[in-house]
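Colleague: Listed below, chain by chain, are the residues.
There are 2 protein chains.
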Amino acid sequence: MEKENKAITSRDVDFAKWYTDVVKNAHLADYSSVKGCIVIEPNGYALWEKMQEILDKEFKKLGHVNCQMPLLIPENLLKKETELVNGFAPEVAWVTEGGNKKLEERLCIRPTSETLFCDYYHQHVKSHRDLPKLYNQWCNVLRWEKETRPFLRSREFLWQEGHTIHATSEEAEAETKQMMDVYYRFHHDILAIPSIQGKKTEKEKFSGAEYTLTNEDLMYNGVTLQMGTSHYFGQKFTKAYDVKYTTKENKEDYPYQTSWGITTRMIGALIMVHSDDYGLVLPPKIAPKQVVLIPIGKDAREPLELAQKLQKELVANNITTYIDDSDKSPGYKFAESEVNGIPIRIEIGKRDLEQNKLIFVRRDTREKIEVAKDIDVVKYTKGLLDTIQKEMYERAKKRRDQLTFEAHNLEDMERILNTQPGFIHAMWCGDEACEEKIKEIKGCKSRCILEDEKAIDEKCVCCGEKAKHHVVWGIQY
Amino acid sequence: MEKENKAITSRDVDFAKWYTDVVKNAHLADYSSVKGCIVIEPNGYALWEKMQEILDKEFKKLGHVNCQMPLLIPENLLKKETELVNGFAPEVAWVTEGGNKKLEERLCIRPTSETLFCDYYHQHVKSHRDLPKLYNQWCNVLRWEKETRPFLRSREFLWQEGHTIHATSEEAEAETKQMMDVYYRFHHDILAIPSIQGKKTEKEKFSGAEYTLTNEDLMYNGVTLQMGTSHYFGQKFTKAYDVKYTTKENKEDYPYQTSWGITTRMIGALIMVHSDDYGLVLPPKIAPKQVVLIPIGKDAREPLELAQKLQKELVANNITTYIDDSDKSPGYKFAESEVNGIPIRIEIGKRDLEQNKLIFVRRDTREKIEVAKDIDVVKYTKGLLDTIQKEMYERAKKRRDQLTFEAHNLEDMERILNTQPGFIHAMWCGDEACEEKIKEIKGCKSRCILEDEKAIDEKCVCCGEKAKHHVVWGIQY
Numbered sequence: 045m046e047k048e049n050k051a052i053t054s055r056d057v058d059f060a061k062w063y064t065d066v067v068k069n070a071h072l073a074d075y076s077s078v079k080g081c082i083v084i085e086p087n088g089y090a091l092w093e094k095m096q097e098i099l100d101k102e103f104k105k106l107g108h109v110n111c112q113m114p115l116l117i118p119e120n121l122l123k124k125e126t127e128l129v130n131g132f133a134p135e136v137a138w139v140t141e142g143g144n145k146k147l148e149e150r151l152c153i154r155p156t157s158e159t160l161f162c163d164y165y166h167q168h169v170k171s172h173r174d175l176p177k178l179y180n181q182w183c184n185v186l187r188w189e190k191e192t193r194p195f196l197r198s199r200e201f202l203w204q205e206g207h208t209i210h211a212t213s214e215e216a217e218a219e220t221k222q223m224m225d226v227y228y229r230f231h232h233d234i235l236a237i238p239s240i241q242g243k244k245t246e247k248e249k250f251s252g253a254e255y256t257l258t259n260e261d262l263m264y265n266g267v268t269l270q271m272g273t274s275h276y277f278g279q280k281f282t283k284a285y286d287v288k289y290t291t292k293e294n295k296e297d298y299p300y301q302t303s304w305g306i307t308t309r310m311i312g313a314l315i316m317v318h319s320d321d322y323g324l325v326l327p328p329k330i331a332p333k334q335v336v337l338i339p340i341g342k343d344a345r346e347p348l349e350l351a352q353k354l355q356k357e358l359v360a361n362n363i364t365t366y367i368d369d370s371d372k373s374p375g376y377k378f379a380e381s382e383v384n385g386i387p388i389r390i391e392i393g394k395r396d397l398e399q400n401k402l403i404f405v406r407r408d409t410r411e412k413i414e415v416a417k418d419i420d421v422v423k424y425t426k427g428l429l430d431t432i433q434k435e436m437y438e439r440a441k442k443r444r445d446q447l448t449f450e451a452h453n454l455e456d457m458e459r460i461l462n463t464q465p466g467f468i469h470a471m472w473c474g475d476e477a478c479e480e481k482i483k484e485i486k487g488c489k490s491r492c493i494l495e496d497e498k499a500i501d502e503k504c505v506c507c508g509e510k511a512k513h514h515v516v517w518g519i520q521y
Numbered sequence: 045m046e047k048e049n050k051a052i053t054s055r056d057v058d059f060a061k062w063y064t065d066v067v068k069n070a071h072l073a074d075y076s077s078v079k080g081c082i083v084i085e086p087n088g089y090a091l092w093e094k095m096q097e098i099l100d101k102e103f104k105k106l107g108h109v110n111c112q113m114p115l116l117i118p119e120n121l122l123k124k125e126t127e128l129v130n131g132f133a134p135e136v137a138w139v140t141e142g143g144n145k146k147l148e149e150r151l152c153i154r155p156t157s158e159t160l161f162c163d164y165y166h167q168h169v170k171s172h173r174d175l176p177k178l179y180n181q182w183c184n185v186l187r188w189e190k191e192t193r194p195f196l197r198s199r200e201f202l203w204q205e206g207h208t209i210h211a212t213s214e215e216a217e218a219e220t221k222q223m224m225d226v227y228y229r230f231h232h233d234i235l236a237i238p239s240i241q242g243k244k245t246e247k248e249k250f251s252g253a254e255y256t257l258t259n260e261d262l263m264y265n266g267v268t269l270q271m272g273t274s275h276y277f278g279q280k281f282t283k284a285y286d287v288k289y290t291t292k293e294n295k296e297d298y299p300y301q302t303s304w305g306i307t308t309r310m311i312g313a314l315i316m317v318h319s320d321d322y323g324l325v326l327p328p329k330i331a332p333k334q335v336v337l338i339p340i341g342k343d344a345r346e347p348l349e350l351a352q353k354l355q356k357e358l359v360a361n362n363i364t365t366y367i368d369d370s371d372k373s374p375g376y377k378f379a380e381s382e383v384n385g386i387p388i389r390i391e392i393g394k395r396d397l398e399q400n401k402l403i404f405v406r407r408d409t410r411e412k413i414e415v416a417k418d419i420d421v422v423k424y425t426k427g428l429l430d431t432i433q434k435e436m437y438e439r440a441k442k443r444r445d446q447l448t449f450e451a452h453n454l455e456d457m458e459r460i461l462n463t464q465p466g467f468i469h470a471m472w473c474g475d476e477a478c479e480e481k482i483k484e485i486k487g488c489k490s491r492c493i494l495e496d497e498k499a500i501d502e503k504c505v506c507c508g509e510k511a512k513h514h515v516v517w518g519i520q521y
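One line per chain: the protein sequences are S and V, in this order.
So for the first sequence, this note's numbering puts the first residue at 45; every next one is plus one.
So for the second sequence, this note's numbering puts the first residue at 45; every next one is plus one.
Just chain S, same shape as in the assembly (with noise of 0.2 Å):
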């Protein structure tokens, strides 16, 4: 085994910093000159893309379309939800000038939009003809955070909301449903993060939201991460921004709402799961390049005319190949593709062909195959994308796994929470005191509701009352 990637600090020693040196030396994002914001660089908004590329195509399959609302909302129209404001109300930012002028009133730069959706639904929803509307959009949002990471949290950040309303609340929370199934799925095929989804507590759940569902992932070190939420709202929005309409009976009704949202942040997710002391290390399910082809021995024609016939029948197949016939040494190749998680490296070396052999690399374990060079490389290219993938979820959940605990009371609690921290297992009577009180240790937060698991105990890990929920408990970013 070759050393380890000098640039990124090791993950065992220091795990804030091997998660900063990744985003840096796999050229991710970059810190900018705007406190609290960063630059996505191309290498990170290409997962970005793909994660867009694949959920759009999911999101129009289920019939919603895209749209685009404006990016300030004036403090008066923000006011009118009394818990959304209050919610939002210390972490917006305000344009108190434009054109030179003071401006009569502040707007705030979109924290979410909820409150402009409700507002073009108040003008365009009057009958029930005009249900279910089905909208999302992608766009920046900003909230003003005190302390920021890249991706994980930064002041402006790139996502997608959907906003829907319908005639009956069955159908709300059909969506909401769905919409938390999307994300779950999208985590577990593609991402290759065995996250688990439950319900938000009371105390956790979206600010104006009747209930919250939530996707939680696990990272590397045990600390977890809210990734993709979906919001029922019932009537509270509707009512509070006055959208009636007129039903088939032609009485006038308030209509339900949901929303649902996942962020830049995945991209976060996907290297503190994944991701090693070489640099990041992408499922190929989301890796923008799964394949790159290393030419090997300067002046030798064989190589690069293998690597590009290669290529077009790997591109031809859909696999996204490249070429790196740079004029770096072979080493810093090898180095470079891995610190940028490609999939699978090929390298093509003279001497390598005339003992009739090609050298396949796998990124997630470091392998390396030897392989006729007749095979047919497209098919075993393809069979190895699809175990790379498959092997990535297993060991991801295993460490999951590892990292998932029963606690039957407090002491429970903290050893854990001292010790190694991760997905907590514990009953809870749902007083919110309890929450508070087990926030004390290390800022443990309830995670979410297994609605379905079975219970672990019949008392409340906290206060020894009866309990009503099975939560999952851990520390979070």
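Calculated from the structure, these hints are not laboratory results.
Because the structure is a prediction, the values reported are computed rather than measured.
Incorrect hints may have been included.
Because identical chains cannot be distinguished in the list, a pair is counted as satisfied if it fits within a single copy or across any two copies.
[As the list claims (entries may be wrong)] Calculated lysine-lysine pairs in the DSSO-like style (CA-CA distance at most 30 Å, straight line):
id, residue 1, residue 2
1, K292, K442
2, K342, K292
3, K372, K353
4, K247, K481
We have chain S already, so just place chain V on it with the hints.
Modeller: Leaving out everything else, chain V in the frame of chain S:
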């Protein structure tokens, strides 16, 4: 001929009102509660997505990669390049409060991102090996306009901004020209808009650019629209932002820079060039939906089954097709497909089928074409889409040519501008005073200098001194 769409003012009666009626009735955009900002509705956004898809592919083919700079620019950073800040200062919006606190330094919402890219280059361009960098970003920008009009001019708009940096002026100038050609071809081949291209005068160029190339469209009413510009910056910005690199010869030098952009304004151009009193008319190559199938006859199985069969075949041949089998009346469906600009409508009536007929209706000419039901529908539709694309371009070109004039003196200019404005060709001495004087006639401005076109006079149209440039003039949106 049926009567025109009653919700839409006639184009010949009130062009401005006609325009907003089309925007509204085709559900492209709506006004929002945020002054000067619009909601881009699904039909409008689908057009933008189609434009993005085609252009993005083109950009990437030429080696560009996408990235994302922050939304906000610190005042201090913006001020480094004097010309740019002077050009944009009157029209930016300032964030002065964030997270309930007054900020120490104002942040402006990006009106364009040259400063942010320069700040990034300053960190990342050190050696000739780092050059060229070919970046692009798709994002929103904000300019505090006083007079706004959906798509044509609004405070927030969506665009792409390409930013590249090169070792030599030759490379950078070639890039400037190349990207202008991409815009020009996109207009002619995809949007069916017979634009012209040329160089902006000193007075009209982008603040801070050495020169600006521009693509100019002519609207149906003879008003011109700047639609796509490409700037060559030379070393102006790299010097202002101290972007230095080591050349191959191990010397220090400043690299050369370009930027180029095109916006959602193109949607406005599509309307004003092609649409009519029945609503939107779209060239097939940019239409998000190219064909609508309308089965007619309640409880009749055959029309719907045939529609489903044809949809499958058309979609399999990459023709975007949908069926309208809602419970609206056929007349309503026809009008709706017209106002939305679906290029081809196929009416499948029970009685027509009995007579072995299908009805094709072209949106552009509203011509009804009876065809035998057993023709090769895919082949026929493909051919008809091509014909529509071609004829729409030819009609727009004919209109452009009708509204293209020559002026040999100021009296000509005045007469043309007072009767029917358009593209006005006239010679110019190069003196800004003459531009100012011509502007006094109805705000007429130079659109672009045609560098390769031959002179039509020896003297300047305004002052009568020796002419230097063949310029196209016009009234602008």
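Colleague: List, from low to high, the hint numbers that the structure doesn't satisfy.
Modeller: 1
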